[in-house]
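There are 2 protein chains.
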Amino acid sequence: MTSSLRHTLDFLLYQWLEAETLQQRSRFSDHSRETFDAVLDTSERIAREKYAPFNRLVDLEEPRTETEPDGTLRVVLPQATYEARRAYAESGLLSAAQDYDIGGMQLPYTVEAAANSFFAAASISIGSNLLTSGNANLLMVHGTDLQKQVFALNEFNGRWSGTMCLSEPQAGSSLSDVATRAVPDGEGFEADPLGPRYRLKGNKMWISSGDHELTENIVHLVLAKIPGPDGKLIPGVKGISLFIVPKKLVDTEGHLTGERNDVALAGLNHKLGWRGTTNTLLNFGEGKYPVRGAAGAGLDGAGSGAIGYLVGKPGDGLKCMFHMMNEARIGIGMAATMLGLAGYYASLDYAKNRPQGRPIQSSSASAAGKGGKDASAPQVRLIEHADIKRMLLAQKAYGEGALALNLYCALLVDEQHTGTPEAADEARLLLEVLTPIAKSWPSEWCLEANSLAIQIHGGYGYTRDFPVEQYWRDNRLNMIHEGTHGIQAMDLLGRKVLMEGGKGLALLAGRINGTVQRALQVPRLAAHANALAGALQQVGAATKAAWATGEPGDALANAVPYMQAFGHTVLAWVWLDLALATLAKDAAVAQPASVGRMGAMQFFFHYELPKIGAWLQVVSTRDATCAQMPEDAF
Amino acid sequence: MTSSLRHTLDFLLYQWLEAETLQQRSRFSDHSRETFDAVLDTSERIAREKYAPFNRLVDLEEPRTETEPDGTLRVVLPQATYEARRAYAESGLLSAAQDYDIGGMQLPYTVEAAANSFFAAASISIGSNLLTSGNANLLMVHGTDLQKQVFALNEFNGRWSGTMCLSEPQAGSSLSDVATRAVPDGEGFEADPLGPRYRLKGNKMWISSGDHELTENIVHLVLAKIPGPDGKLIPGVKGISLFIVPKKLVDTEGHLTGERNDVALAGLNHKLGWRGTTNTLLNFGEGKYPVRGAAGAGLDGAGSGAIGYLVGKPGDGLKCMFHMMNEARIGIGMAATMLGLAGYYASLDYAKNRPQGRPIQSSSASAAGKGGKDASAPQVRLIEHADIKRMLLAQKAYGEGALALNLYCALLVDEQHTGTPEAADEARLLLEVLTPIAKSWPSEWCLEANSLAIQIHGGYGYTRDFPVEQYWRDNRLNMIHEGTHGIQAMDLLGRKVLMEGGKGLALLAGRINGTVQRALQVPRLAAHANALAGALQQVGAATKAAWATGEPGDALANAVPYMQAFGHTVLAWVWLDLALATLAKDAAVAQPASVGRMGAMQFFFHYELPKIGAWLQVVSTRDATCAQMPEDAF
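Protein sequence lines correspond, in order, to chains A and B. Each residue of the first sequence is one higher than the last, beginning at 1 in the UniProt record's numbering. Each residue of the second sequence is one higher than the last, beginning at 1 in the UniProt record's numbering.
In short, the hints are calculated from the structure, not lab data. Keep in mind that this is a model prediction, so the values were computed, not measured. Be a bit skeptical, because a hint or two may be false.
All copies of an identical chain are treated as equivalent in the list; a pair is satisfied when it fits inside any one copy or across any two copies.
With a Cα cut of at most 20 Å, we get these calculated DMTMM-like pairs of lysine to aspartate or glutamate [unchecked claim]:
no.: 1; residue 1: Lys611; residue 2: Asp623
no.: 2; residue 1: Lys373; residue 2: Glu551
no.: 3; residue 1: Lys288; residue 2: Glu500
no.: 4; residue 1: Lys373; residue 2: Glu90
no.: 5; residue 1: Lys288; residue 2: Asp374
no.: 6; residue 1: Lys373; residue 2: Asp316
no.: 7; residue 1: Lys352; residue 2: Glu631
no.: 8; residue 1: Lys232; residue 2: Asp374
no.: 9; residue 1: Lys611; residue 2: Glu448
no.: 10; residue 1: Lys201; residue 2: Glu500
no.: 11; residue 1: Lys585; residue 2: Asp30
no.: 12; residue 1: Lys248; residue 2: Asp70
no.: 13; residue 1: Lys319; residue 2: Glu216
no.: 14; residue 1: Lys313; residue 2: Glu190
no.: 15; residue 1: Lys288; residue 2: Asp101
no.: 16; residue 1: Lys248; residue 2: Asp192
no.: 17; residue 1: Lys238; residue 2: Asp374
Just chain A, with the same shape it has in the complex (with noise of 0.2 Å):
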């Protein structure tokens, strides 16, 4: 499996993407392929090794908890997932992308992604090291010196971990609603090293690594609400801050004090899939650990509560986590695509092996007619059925395709910090606008590339003899967490492709024109390019007519059915692209891979792109059968 994936990332990342020519920018200059490969091999090779193999233990064993004499819940997880994540740890690939003077080995984020996928498609279960990173990332960008220097760096070197605490159980994803309560912790809580000290109350619900002993300690980003001098929390979000709270305290060197914090575990959910990661229901400050006072010490409830630590400024809350969010964002989606090729590889595997059945004659090689098959002779191998192969170039168009993606948007996030100003820029602006697909084309199409692979394994597919259930079961949450599908589509339609009057729109229809053009002096593309000329007028067509009243409502009510048309008309200029780069090298084009990234390219704009037509109907006619269906009704 591994060696199919190696071969894809070796053409996306030398071949497509170039990423060589990286090293020609000095935060990079130390490195050469030479380096990214190494980075690559120890990747594959844990993942192979301490991942890989104990996908389906965790899946079976999934985390517990055992109640403590002393009334506490403690996590219970497999030894295979603290030997998983001490192997990560201990790669350094937490760091990887960070300066050299805090440990980091200065690596593109590009290779880091590509590194990441290897243990994303041996098990996504196992590995939730993406919110760590994406904790600390965060840190670097919003933090102080010393919250850097206690918490991120702490969580880069492996000895904490860190979650993302924004849904509350009555609230999910309405962000507005978060009723979790900041007050300033006493006189002086200005003065605190670690930040404005506050304590916090309030519940968080889905908090992937909410609890566990996996590390010393758990450094937890909590959105919470400030009250204004009448005691009471501002609507919406503007009044939501950010607060480092840590699971247990720690001083100004990084060390333990010895005391927990009040933060407690309240419960595991039980989920579907995914089932490696723990997903918990936290309370804070709720005195079931009274740190520092007691529980309700004073009358205004001062003195009791977790104690958090001001991130950036009050009311700043929701534009710092936003920095963690687009990176998790990303990173689902590049969850969603490994599942998607992990089946892709199971059931490829499986065709090549399996006999069965018999090919269709042709009509006039048999008595049996239409359709007849020699019975007399041997069974042929699954794969040598046309609608296996049909599943399989499904898979792979939709899975080669959103690694592609992908990383295509992790070169955007190594040329907005390393390029010039103004490819920054684009980079910055290309970002916004490609994110809500980057997390949801993958999130549904790879989530289908599942169901093709247990379809090809038959009934054998529905059991748990055979990995792929699991993979299916994995990759659904992908649509939901870090933003549903419907809100991914209503900050596409009604955020991104307007923001800045419109300019990341046109900046992506630039370069998808771009492909277009240079598509349209190959011959065998020509066609293609034509139909991705028309599918992006089309999208433009449609992003107007949605709103042609200038009223949200009409435009929005069909955001999912244009997102989905958006993204397969991204998906079908990504495999041009990826055309393009394959016809390049003469030598090569002759090649099995060639031969099989133009198969899928084709697939994709034969099979998938004219699809488009349909979503981008009731877009354009605004159409209102959903929003007008009365209640009752249904």
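Starting from the known structure of chain A, arrange chain B on it as the hints suggest.
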């Protein structure tokens, strides 16, 4: 939940299908809407009391085996499964459609199917009575009088249950490769009053309800091959015969003889879903339970093996079995449908009660600008968001449309059995063409409905605290068992649309055109009527284009996209016909249920039917992208 289902069934049965008119036929002359309603009432009550409360339990406590002191395996099931089975058998539903003189109710199959829908919605996983009645129905057609008396009647009365044993571990769907052997059981084998007696040896895989102690005995219907004079098995399906192989031997009075037949449970499959039903690997005649003679007795193996009684003639096995297969396929379509509707009802209930987020404000109402929200307003319930309504309406359109199609097929079965000769023949032909759709369409789209039900629940939908994730898992089987999607598609395009000179397809087209003509007279339906006429024309043209070269390989490479387009066209027809029935009663048009049906119909025409263009494009061009993909290019 059941209340909504009951209202939908009432509309479909009485307003749309006019099931009351069946009482004009002599077979049903004792019946009336009152007797039909009584059956529905009873079914609804038993499903509510004995099935629904235990659906999660049977999922969590999946069947397991215990090893008996003698080394044999015994299946352990929850007590709830026993009680559900008992209540179902006592209701008389197993024989409801049978003649009075064998204890039946002479209930129309249409009403029986409607009654069974309650059990499928309450717990598909507990309810596995489909196979028992299918098994007995087969014997009523192909069995001898004594086989009917001894085996079928004891299935109808609930004492015994039935299975169908087709697949083998090495052959899967490829029945040509059945390797189970049946040899005459010594001299005088033909004189056994229960039927010509054979000894069977072989392994059968994926046998639902293949072993358990829910009933006193299990009647296996087994496909096996009788070797020719040279001892070799005849290749292909022509050599297949059908046998009754009871788990425990019985006499001509239907009493157990006390002899255990040599049918041994080799293991249980651990599945993704549908866990309440055992799924087994069975070994026939391997000597685990030597019966009437020692294992290996006789040099030729005569006297060893499981005892089985031939049904019908040698070589007619598949023909006989297809009687049951077609019934089972429509039953699977119904199972998929009811899972889809169960998810719809669950997510509708959740959406009506869960407050989350705020409506998008109109551009004039808000200082927040386009798409802004007033954070100080209270949260609204999920159902007030347009995208949630879209996901609800899609589920309604898929689920209620599929239910209508399945009941229509059930009515065709009644027509086939009790209509005029001409009507009966038309019903037979329509069933041939519609069976692949009735099976495949719900299994694909009601699975999608279940995914939407999860999505509406957000993170909660991904947990075991809510029922929707189980519906989704349970439903994933339906595209696999009783003939995969690929097999249904080959059957449709390779056989059903061609059979009898295309007569079945022409007949269906005539029915669709009839609906189109009626709808053209109704102003608010005219546009949809034209869309349906256009779709039918496209399907017809694609059928011709697919077969233009006469090469099955060309035509069938895209059989699945063809079936998807065919299915969507059939469902559009069903919805248009439902709309006509809805509008037929002036007084009812303004009622919420009517508004809902018209909305679902409109949704189907606006959001779904346009999808057929993309599917048919590859059919019409006989696209060879997949078929020509070389193996090493994947």
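How the hints compare with the structure:
Taking CA atoms no more than 20 Å apart as the test, lysine 611 paired with aspartate 623 passes in both settings, with 18 Å inside one copy and 16 Å between copies. For the identical chains of this complex, lysine 373 and glutamate 551 are inter-copy neighbours only, at 13 Å across copies versus 59 Å inside a copy, given an alpha-carbon limit of 20 Å. When the C-alpha separation of lysine 288 and glutamate 500 is checked against a cutoff of 20 Å, the pair qualifies neither within a copy, at 48 Å, nor between copies, at 76 Å. Taking the shortest alpha-carbon separations for lysine 373 and glutamate 90, neither the intra-copy value of 57 Å nor the inter-copy value of 46 Å comes in at or below 20 Å.
Proximity of lysine 288 to aspartate 374 under the C-alpha cut-off of 20 Å is found in neither arrangement, the shortest distances being 73 Å within a copy and 36 Å between copies. Taking CA atoms no more than 20 Å apart as the test, lysine 373 paired with aspartate 316 passes between copies only; the shortest distance there is 19 Å, against 69 Å inside one copy. For the homomeric pair lysine 352 and glutamate 631, the shortest alpha-carbon distance between copies (8 Å) is at most 20 Å, but the shortest distance inside one copy (51 Å) is not. Proximity of lysine 232 to aspartate 374 under the C-alpha cut-off of 20 Å is restricted to the inter-copy arrangement: shortest distance 17 Å between copies versus 79 Å within a copy.
In the homo-oligomer, the alpha carbons of lysine 611 and glutamate 448 lie at most 20 Å apart both inside one protomer (15 Å) and across protomers (17 Å), since each shortest distance falls under that limit. Taking the closest pair of Cα atoms, lysine 201 and glutamate 500 never come within 20 Å of each other, the shortest separation being 38 Å inside a single copy and 74 Å across copies. When the C-alpha separation of lysine 585 and aspartate 30 is checked against a cutoff of 20 Å, the pair qualifies neither within a copy, at 28 Å, nor between copies, at 80 Å. With identical chains, the CA atoms of lysine 248 and aspartate 70 are at most 20 Å apart within one copy only, with a shortest distance of 17 Å there and 57 Å across copies.
Proximity of lysine 319 and glutamate 216 under a CA criterion of 20 Å is satisfied in neither setting, with 29 Å inside one chain copy and 67 Å between copies. Taking identical chains as interchangeable, the C-alpha atoms of lysine 313 and glutamate 190 lie at most 20 Å apart only when both belong to the same chain, with a minimum of 12 Å there against 92 Å between chains. In this homomeric assembly, lysine 288 and aspartate 101 never come within 20 Å of each other (Cα to Cα): the closest approach is 40 Å inside a single copy and 71 Å across copies. In the homo-oligomer, the alpha carbons of lysine 248 and aspartate 192 lie at most 20 Å apart inside one protomer (16 Å), although the nearest pairing across protomers, at 80 Å, exceeds that limit.
Taking CA atoms no more than 20 Å apart as the test, lysine 238 paired with aspartate 374 passes between copies only; the shortest distance there is 12 Å, against 71 Å inside one copy.
When the structure is compared with the earlier hints, violations turn up for hints 3, 4, 5, 10, 11, 13 and 15 and for no others.
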